[in-house]
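Visitor: Each chain, letter by letter, is given below.
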Amino acid sequence: MTDMTTRLAGVEFANPVFTASGCAAAGKELDQFFDITLLGGVVTKSIMNAPRSGRATPRMAETPSGMLNSIGLQGPGIASFLEHDLAWLQARGARAVVSIAGGSVEDYATLAKELRGHPAVSMIEVNISCPNVEDRGQVFACDARASSGVVQAVRQNTAVGTPVFAKLSPDVTDITAIARACVDAGADGLSVINTLLGMVIDTTTMRPALAGITGGLSGPAIRPVAVRCVYQVHAALPHVPILGMGGIRTGLDALEFVLAGASAVSVGTTVFGDPGAPLRILDELEQALAERGIERLSDAVGLAHRPPVERVPEDPDPVGDEPVAAMSDSPDDSPSDSPFEDAFEETP
Amino acid sequence: MPLQVAGEILAIKKVGAYQAVTVIAPGIPELTRPGHFLAVQVGGPESSMLLRRAFAIYDVKERGVYGGTVEFVFAVHGKGTAWLASRRPQDKLDVVGPLGKPFRLPKTAVNVTLVGGGYGSAPLLPLARALRERGCRVDVVLGAGSADRLFGFLDAKRMADSIAVTTDDGSIGTRGRVSDVLPGVLDKSHADVVYACGPMPMLRAVADLAAERGIPSQVAVEESMACGIGVCMTCVLPVVGDDGLTRMVRSCVEGPVFLGDRVRWDDVGSVPSDAVGAPTTGGRP
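Which chain is which? The protein sequence lines are A and E, in order.
Numbering-wise (the numbering used here), the first sequence opens with residue 79 and increments by one.
Numbering-wise (the numbering used here), the second sequence opens with residue 126 and increments by one.
Bear in mind the hints are in silico, worked out from the structure with no lab data behind them.
Even for Gly, the Cβ is constructed at its ideal location relative to N, Cα and C.
Among the clues, some could well be false.
Said to hold, decoys possible - Only some residues are given here: those of chain A computed to face chain E with a beta carbon under 10 angstroms:
hint: 1; residue: 123
hint: 2; residue: 129
hint: 3; residue: 130
hint: 4; residue: 131
hint: 5; residue: 133
hint: 6; residue: 134
hint: 7; residue: 141
hint: 8; residue: 142
hint: 9; residue: 366
hint: 10; residue: 368
hint: 11; residue: 370
Claimed, not checked - Which chain A residues face chain E? A few, computed with CB under 10 angstroms, are given here:
hint: 12; residue: 100
hint: 13; residue: 110
hint: 14; residue: 112
hint: 15; residue: 113
hint: 16; residue: 115
hint: 17; residue: 126
hint: 18; residue: 135
hint: 19; residue: 150
hint: 20; residue: 157
hint: 21; residue: 168
hint: 22; residue: 169
hint: 23; residue: 302
hint: 24; residue: 349
hint: 25; residue: 354
hint: 26; residue: 365
Pulled out of the complex, with its shape left as it was, chain A reads as follows:
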């Protein structure tokens, strides 16, 4: 039996597989297909202060191994969310990670206050990929100062012991700079990544396929981008827990994120095509760890950052080790000759 428990900023979860914000509503619909209390947590669709209609349709376009969405954060508002959705999750006994979204720092602070100390809230995920109405609609997540302003406001208004995770956008020049800004502002962890901004043009109508013109790209198409982001953020901030997401479809996909540095993962778009996927992925991940002789999930977190274990062939000549050393191309031991570091060197 593999120990699948994971800790995110001091809070323990039974396993590392979560739903992804915006892909599972508030858990009720998926609970028809599998017992959602068996997941590590349910990340709810980003909630805002007021009810919100969202955008016009079409809101969705299928793309190769992915999809674009432009929903516009349709939702019932925090009051209805607390009364119905969160109450349901609490009664059901699920672990809730509540995603919040706003148009100003004040919006986020208000939402954090509303959720403060609620017994059903295991964690807060801050969706900072929202336009800042106080700054000409600039997306918070694309600016280190704006991101840290939001994170600081949420952290200040959230109970001690409830982790606050900032969800990072990949649409930035250096994701580690935003990651660092969020952590410096008090984020206990990071969710990596949100969708990538994309666009599809309908060649029949010769116009954008989405009413919102652009949309967020998700699904396996973005997985390599997401794994890269998790890897970079973990390398930069090795002690900051990461909830990884982006196109996870199988247990091995989830394992990639764990090896890159994620302590837990969210399954998102895959749910649309396969509502039973989160539980299947949990089983597959557990099996994949067992097959690799890894007894604890936590032992696999960030493993890809460590040098590969040398598989030394049995020495046919036990007399001396000279022949092995002689095989090395370099007489000295300079770090730049390590193939591992060469391949993964980061730009400073």
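Assemble the complex: chain A is given as a structure, and chain E must be docked to it using the hints.
Guide: Coordinates of chain E only, in the frame set by chain A:
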């Protein structure tokens, strides 16, 4: 409560311009009512097409030699449906269903008119059967672009008290649209209720004609959806609730069947400014 079933194709056959697929999907037939739909995975387990395709359920058999089966009808529109059309018996097909809210049936034996456009008639045929079992008078109007796109004519003819057919090209029945002949059918049959399924412009025309006569209508809408189970929020349309307020509701879980006079037909595809949570003028970008 819907099920996700790793089904197997029992039969696939061409019906005019359409394809009809029968899938062995134990558990789903027992739960299915007329108007329910299925969401079908396309392209196999490694598919680059992640989203399910939604189809109204045509026929179900609770017990067959192979177990319960569901049948649906589709037209090839894109890569997903082309893949589906290339399936053969014994191929696997992952289906989720039954989904959505079905048609509501009248409690008493009243006069009903069913209006189907293209393969939108598929869910109306089991509905006709259920209505006949309740002793209703059933009149059917079927419309399509051309004769090969008319679905369920023989089924309907067998069950209905009368049947009227229209095609855009006049290749069968009256040349024109169902809305051209529907007023006559409604008046002659003294219809108490109208049910419709088909393209949105047709549903709108049917809902309006029924409303003009004070006849309640139930329409099964066709909106593009990514999940079919209520989590993706892509299949919304503006619908007036019991409280008189307009909301952007999910056609997959609150529908696909809506009361015809509750759908804001003028505003389908947009968010009316009086909808709950609509952006305020000059508000957020």
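Visitor: Could you run down the list of hints and mark each one as holding or not?
Guide: Against the structure, the hints come out as follows:
The interface hint given for residue 123 of chain A is met, as the beta carbon of that residue sits about 8 angstroms from the closest beta carbon of chain E, less than 10 angstroms. A least Cβ separation of about 4 angstroms between residue 129 of chain A and chain E falls short of the 10 angstroms threshold, and the interface hint therefore holds. Taken as an interface hint, residue 130 of chain A checks out: its beta carbon lies about 4 angstroms from the nearest beta carbon of chain E, inside 10 angstroms. A hinted interface residue such as residue 131 of chain A counts as satisfied when its beta carbon comes closer than 10 angstroms to some beta carbon of chain E; here the least separation is about 4 angstroms, so the hint holds.
Annotation: residue 133 of chain A was flagged as interfacial toward chain E, and the flag holds, the nearest CB pair being 7 angstroms apart, inside 10 angstroms. Using the Cβ-Cβ criterion of 10 angstroms, the hint placing residue 134 of chain A at the interface with chain E is satisfied: the shortest such distance is roughly 5 angstroms. For the restraint placing residue 141 of chain A at the interface with chain E, the shortest Cβ-Cβ distance is roughly 9 angstroms, inside the 10 angstroms limit, so the hint holds. Using the Cβ-Cβ criterion of 10 angstroms, the hint placing residue 142 of chain A at the interface with chain E is satisfied: the shortest such distance is roughly 5 angstroms.
The criterion of a C-beta within 10 angstroms of any C-beta in chain E is not met by residue 366 of chain A, whose closest approach is roughly 17 angstroms, and the hint is violated. The interface hint given for residue 368 of chain A is violated, since its Cβ lies 22 angstroms from the closest Cβ of chain E, which is over the 10 angstroms cut-off. Annotation: interface hint on residue 370 of chain A violated; nearest CB of chain E at approximately 23 angstroms, more than 10 angstroms. For residue 100 of chain A, the interface hint holds, the least distance from its beta-carbon to any beta-carbon of chain E being 8 angstroms, beneath 10 angstroms.
A least Cβ separation of about 5 angstroms between residue 110 of chain A and chain E falls short of the 10 angstroms threshold, and the interface hint therefore holds. Residue-level restraint check for residue 112 of chain A holds (minimum Cβ-Cβ distance to chain E is 9 angstroms; threshold 10 angstroms). About 13 angstroms separates the beta-carbon of residue 113 of chain A from the nearest beta-carbon of chain E, more than 10 angstroms, and the hint is not met. Taking 10 angstroms as the C-beta cut-off, the interface hint given for residue 115 of chain A is violated, the closest approach to chain E being about 17 angstroms.
The beta carbon of residue 126 of chain A comes within 9 angstroms of a beta carbon in chain E, closer than 10 angstroms, and the hint placing it at the interface holds. For the restraint placing residue 135 of chain A at the interface with chain E, the shortest Cβ-Cβ distance is roughly 5 angstroms, inside the 10 angstroms limit, so the hint holds. Using the Cβ-Cβ criterion of 10 angstroms, the hint placing residue 150 of chain A at the interface with chain E is satisfied: the shortest such distance is roughly 8 angstroms. With 10 angstroms as the threshold, the beta carbon of residue 157 of chain A stays out of range of chain E, its nearest partner Cβ sitting at about 12 angstroms, so the hint is violated.
The restraint placing residue 168 of chain A at the interface with chain E is violated, with a minimum CB-CB distance near 20 angstroms, outside the 10 angstroms limit. With a cut of 10 angstroms, the hint placing residue 169 of chain A at the interface with chain E is violated, because the nearest CB-to-CB distance is about 18 angstroms. Residue-level restraint check for residue 302 of chain A is violated (minimum Cβ-Cβ distance to chain E is 15 angstroms; threshold 10 angstroms). Annotation: residue 349 of chain A was flagged as interfacial toward chain E, and the flag holds, the nearest CB pair being 7 angstroms apart, inside 10 angstroms.
Hint status for residue 354 of chain A: holds, given a least beta-carbon distance of 5 angstroms to chain E, under 10 angstroms. With its C-beta approaching chain E no nearer than about 17 angstroms, residue 365 of chain A sits outside the 10 angstroms limit, and its interface hint is violated.
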